[in-house]
Amino acid sequence: MEVTDQRILQRIQKDFPLASRPYKVLGEELGLTEEEVFERIQALRKAGIIRSLGGVINAGSWGYVSTLVALKVPPERLEAVAGIINSHPGVTHNYLREGDYNLWFTLSCPSAAALGQDLSALLTRSGVKEHLELPSPRVFKIRAVFNLNSSL
Amino acid sequence: MPSPSDKALLSLISQDLPASLTPYRDWAQKLGITEEALLTRIKIWLEEGKLRRWGATLNHRQVGYRANALTVWVVPEEQVEAFAYLAATRPEISHCYLRIPRQDWPYNLYTVIHGTSRENCQKIARELAAMTGINQYQLLFSLHEFKKTRLQF
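Order-wise, the sequence lines are chains L and V.
Heads up, the first sequence is in our numbering, so the first residue is 316 and it goes up one at a time.
Heads up, the second sequence is in our numbering, so the first residue is 193 and it goes up one at a time.
Bound-form chain L, shown alone (with noise of 0.2 Å):
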């Protein structure tokens, strides 16, 4: 990757600027044009090597209910579970992990009760019996900031 956008993207993931031409801003303190920066930060969002640009939305301070479940799924059924999970908008996350439980995914709804329902809907479509709801009394940390050097 060029240093330039690395660059970039080591200052664009927190403290975006909130002013009226922020790539302008940006542009002053790593020494670009306005364009400059503006073209990259778009490049790179096509590219997928920034999956998102602005903020980060803290459901729970909004009353959302969220929770992680992990599944035991039989290999030859792993796509058509996946997708009746992902089928349920509150599905953010699902990943195939190694381990006897390898579909693990997280559901936020906008209350208790609807979380209940909706995962239980979600597990009957499924078909899965053997399943782990992990809910989380204490967040310590979500910062998903990433470090670049010019060795990766």
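Hints may contain errors.
[Claimed, not checked] To give an idea of the interface, some chain V residues facing chain L are shown, with a C-beta separation under 8 Å as derived from the structure: (1) 224; (2) 227; (3) 234.
Hints listed in this document are in silico derivations from the structure and should not be mistaken for laboratory results.
Glycine residues also receive a C-beta, built at the ideal position from the N, C-alpha and C atoms.
Following the hints, put chain V in place on chain L, whose structure we already have.
The following block gives chain V in isolation, referenced to the frame of chain L:
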């Protein structure tokens, strides 16, 4: 729950900043408020924790963090605070949660470790184990990402 006017702004935020040199002005126009009012609301929400962060979220795999392991630990209650504190100080650990253990699943501390390789993730976990004396843990490497999105408001 968000008010209708909060929901309108949350909805725009869920869709990311528009590709514009003046993205906040664009949003303010859509909402029928001034740019200043919009920026003020965003700053307040950041202070209140309603928004965790304002910036770019990267695809970790595309910036060199090819391995990611949900690492689960059995930590005695009296050591939870100290463990979580140490885990949280490590930049390679992006998430650290306390979760309810279940029958046949005794793990109560969940961390996400991002590394350049499997070995790198394992090394980070070993280091954390050595620092804390917590030796009952498992790395659950991700093999495939079926879905990764954000909640739409």
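Comparing the hints with the structure gives:
no., hint, result
1, 224, "18 Å, violated"
2, 227, "6 Å, holds"
3, 234, "6 Å, holds"
Figure legend: structure checked against the earlier numbered hints; the only hint not met is number 1.
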